[in-house]
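Novice: Residue numbers (the working numbering), protein chains in the order written: chain A, 581 to 894; chain B, 581 to 894.
Since the hints were derived computationally from the structure, they do not count as laboratory data.
Since we're looking at a predicted model, the values are computed, not measured.
Any given hint could be a false lead.
Note that the list lumps identical chains together, so a pair holds whenever it fits in one copy or between two copies.
Under the rule of at most 30 Å between Cα atoms (straight-line distance), these lysine-lysine pairs were calculated in the DSS-like manner [stated by the list, open to error]:
1) K756 with K674
2) K588 with K707
3) K876 with K610
4) K876 with K796
5) K642 with K700
6) K811 with K642
7) K700 with K811
Each chain, written out:
2 protein chains.
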Amino acid sequence: MNVLFTFKIKDHQLEALTNDFPDIQFSFTKDLANEPIAQYEVIVTYGEDITSEVLDRATALKWLMVASAGVEKMPLAEIAERGIVMSNVRGIHKTPMAESVLAHILSEGRALPVLHAQQKRKEWNMKVRQTELRSSTALILGPGAIGSEIGRLLQAFGVETIGCNRSGASADFMDKTVQFNELLSVLPHADFVISVLPSTSATRGLLNESHFAAMKNTAMFMNFGRGDLVKESILVDALSNGEIRHAVLDVFEQEPLPAESKLWALDNVTISPHVSSHSGKYVERALEFFTRNLVKWQQGDRELLNIIEPKRGY
Amino acid sequence: MNVLFTFKIKDHQLEALTNDFPDIQFSFTKDLANEPIAQYEVIVTYGEDITSEVLDRATALKWLMVASAGVEKMPLAEIAERGIVMSNVRGIHKTPMAESVLAHILSEGRALPVLHAQQKRKEWNMKVRQTELRSSTALILGPGAIGSEIGRLLQAFGVETIGCNRSGASADFMDKTVQFNELLSVLPHADFVISVLPSTSATRGLLNESHFAAMKNTAMFMNFGRGDLVKESILVDALSNGEIRHAVLDVFEQEPLPAESKLWALDNVTISPHVSSHSGKYVERALEFFTRNLVKWQQGDRELLNIIEPKRGY
Numbered sequence: 581m582n583v584l585f586t587f588k589i590k591d592h593q594l595e596a597l598t599n600d601f602p603d604i605q606f607s608f609t610k611d612l613a614n615e616p617i618a619q620y621e622v623i624v625t626y627g628e629d630i631t632s633e634v635l636d637r638a639t640a641l642k643w644l645m646v647a648s649a650g651v652e653k654m655p656l657a658e659i660a661e662r663g664i665v666m667s668n669v670r671g672i673h674k675t676p677m678a679e680s681v682l683a684h685i686l687s688e689g690r691a692l693p694v695l696h697a698q699q700k701r702k703e704w705n706m707k708v709r710q711t712e713l714r715s716s717t718a719l720i721l722g723p724g725a726i727g728s729e730i731g732r733l734l735q736a737f738g739v740e741t742i743g744c745n746r747s748g749a750s751a752d753f754m755d756k757t758v759q760f761n762e763l764l765s766v767l768p769h770a771d772f773v774i775s776v777l778p779s780t781s782a783t784r785g786l787l788n789e790s791h792f793a794a795m796k797n798t799a800m801f802m803n804f805g806r807g808d809l810v811k812e813s814i815l816v817d818a819l820s821n822g823e824i825r826h827a828v829l830d831v832f833e834q835e836p837l838p839a840e841s842k843l844w845a846l847d848n849v850t851i852s853p854h855v856s857s858h859s860g861k862y863v864e865r866a867l868e869f870f871t872r873n874l875v876k877w878q879q880g881d882r883e884l885l886n887i888i889e890p891k892r893g894y
Numbered sequence: 581m582n583v584l585f586t587f588k589i590k591d592h593q594l595e596a597l598t599n600d601f602p603d604i605q606f607s608f609t610k611d612l613a614n615e616p617i618a619q620y621e622v623i624v625t626y627g628e629d630i631t632s633e634v635l636d637r638a639t640a641l642k643w644l645m646v647a648s649a650g651v652e653k654m655p656l657a658e659i660a661e662r663g664i665v666m667s668n669v670r671g672i673h674k675t676p677m678a679e680s681v682l683a684h685i686l687s688e689g690r691a692l693p694v695l696h697a698q699q700k701r702k703e704w705n706m707k708v709r710q711t712e713l714r715s716s717t718a719l720i721l722g723p724g725a726i727g728s729e730i731g732r733l734l735q736a737f738g739v740e741t742i743g744c745n746r747s748g749a750s751a752d753f754m755d756k757t758v759q760f761n762e763l764l765s766v767l768p769h770a771d772f773v774i775s776v777l778p779s780t781s782a783t784r785g786l787l788n789e790s791h792f793a794a795m796k797n798t799a800m801f802m803n804f805g806r807g808d809l810v811k812e813s814i815l816v817d818a819l820s821n822g823e824i825r826h827a828v829l830d831v832f833e834q835e836p837l838p839a840e841s842k843l844w845a846l847d848n849v850t851i852s853p854h855v856s857s858h859s860g861k862y863v864e865r866a867l868e869f870f871t872r873n874l875v876k877w878q879q880g881d882r883e884l885l886n887i888i889e890p891k892r893g894y
């Protein structure tokens, strides 16, 4: 069996693959368009190089392993038509994102930025305001795969977790779940308001002035979902007026965040340039998804993990 | 029953006490030496104000509630002689310390100091080296109450934990435990080497050049125990020569860290001025210990939590 990768992996990763799957020939190309590809049963790709023309030539192709979370730009209709099995790495972002959220929460709580600033001045000062995460309350907007992973870690720290979604349906690692329209009643209880919501008609502009007014003055607001959840001007006002203590933003109405944005200069904002899902272990994780499925594939099992229905696109 | 506090608590904390214990009279003083104290059955103190003279006048005293972890400076012989029950808040530091350790680990892993520096320059740069904590390995020197709490949190993040103590006896939240004399064989496996060891004859100078040479070049060394675990010069050399990636130090051979220490200027060191156990919630936590015991005391139960045997001092 022949497998073609359209991205590089490390030597030790290839070695592990060849050891674990001695019957399989693994090949690599960066230029799918100019490669003879009729012999490959499996193509492992980030997705963007799969065109109708490629599919025409990939006459033996039976499984497309997409090492990314979204497939919306791929020729899904043709893939469906040809009966090609497609799987992705859905869930790969939850670990780095949840670690980022906890990193920011703990770093602020334990005053790490203050310690770093003192160190630069060679200043030994033990009078640093620090608190504990334990026994606080977090409201998680969007308790799906990523939100639940954040909830799981927060619960390990002894944090009460409240999930908030459209239906109010219960979610993993949430002590309770409420609906979007109950937001105003739960916001006053939250020490952390964390959004990982996608951009949909139900979430765009979901938060307005009244929501920030309802938050604790000591609350930390974290947006790791999409920037259109709240207008930047509303956020700037809430932060300037002390309606909340701090905001950590990984997403913005406009990205890159324009140089003239008032957010840059506020001292109670942390700007993360949409990198919370990035990870040096991405390829390693993607290969874990791949090899688990490759074992199944060799056994003739076509019920792969993270299978994508090309007609639906998810 | 009369209870005397020798430190202040907040109004809402006193209100909660008075509500929960309506039969008890709570009094407060900052000047035990000049206070009539013959009527108090219980004294709640940080410990340093309890002298033989105070004990002489505290003729009704039956329980000393010490809101600190150490009691070595108190007149233990007299306390034992008078049959006074003594309890402390052993374990109160484990939450803030474990949160500090995780804060530093996650902050480095998710490149928060880099993000903060970029923000100051109003720089939107997504090319930031970040990794994942998941699937790494941590070696915890001193897996007692604090070390095990660190281990519990690390395990929640999917980290393999190896405890290391004198006997090699198994410890909570450690996947395995080794003895001090096996250190050199486990150090090459650890991404994080975290010490919370006290200063004893077995731990002073425990780590020398060979231990740092045995660590991964990518390892992070964290000392949250006592500064005499390793000579500062050995640490400076290991950091300068790239034998380890980074050190986070909360304790030092000499504290405050002298201005002339080379540690201040190394860019792969984080200096925390012995504050990892500090917490804005300290009094709140101490009162939790106190009230749990006060319930027992009222019921005539003298088997208090965190009881101290004054003759032994722990």
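Novice: Are the hints correct? Go through all of them and say.
Specialist: Evaluation of the provided hints:
Taking the shortest alpha-carbon separations for K756 and K674, both the intra-copy value of 21 Å and the inter-copy value of 28 Å come in at or below 30 Å. Proximity of K588 and K707 under a CA criterion of 30 Å is satisfied inter-copy only: 19 Å between copies versus 50 Å inside one chain copy. For the homomeric pair K876 and K610, the shortest alpha-carbon distance inside one copy (27 Å) is at most 30 Å, but the shortest distance between copies (72 Å) is not. Proximity of K876 and K796 under a CA criterion of 30 Å is satisfied in neither setting, with 50 Å inside one chain copy and 36 Å between copies.
Neither within a single protomer nor between protomers do K642 and K700 lie at most 30 Å apart by alpha-carbon distance, with minima of 57 Å and 50 Å respectively. For a Cα distance limit of 30 Å, the shortest separation of K811 from K642 qualifies neither inside one copy, at 45 Å, nor across copies, at 61 Å. Taking CA atoms no more than 30 Å apart as the test, K700 paired with K811 passes between copies only; the shortest distance there is 23 Å, against 36 Å inside one copy.
The structure fails to meet hints 4, 5, 6 from the earlier list, while all remaining hints are met.
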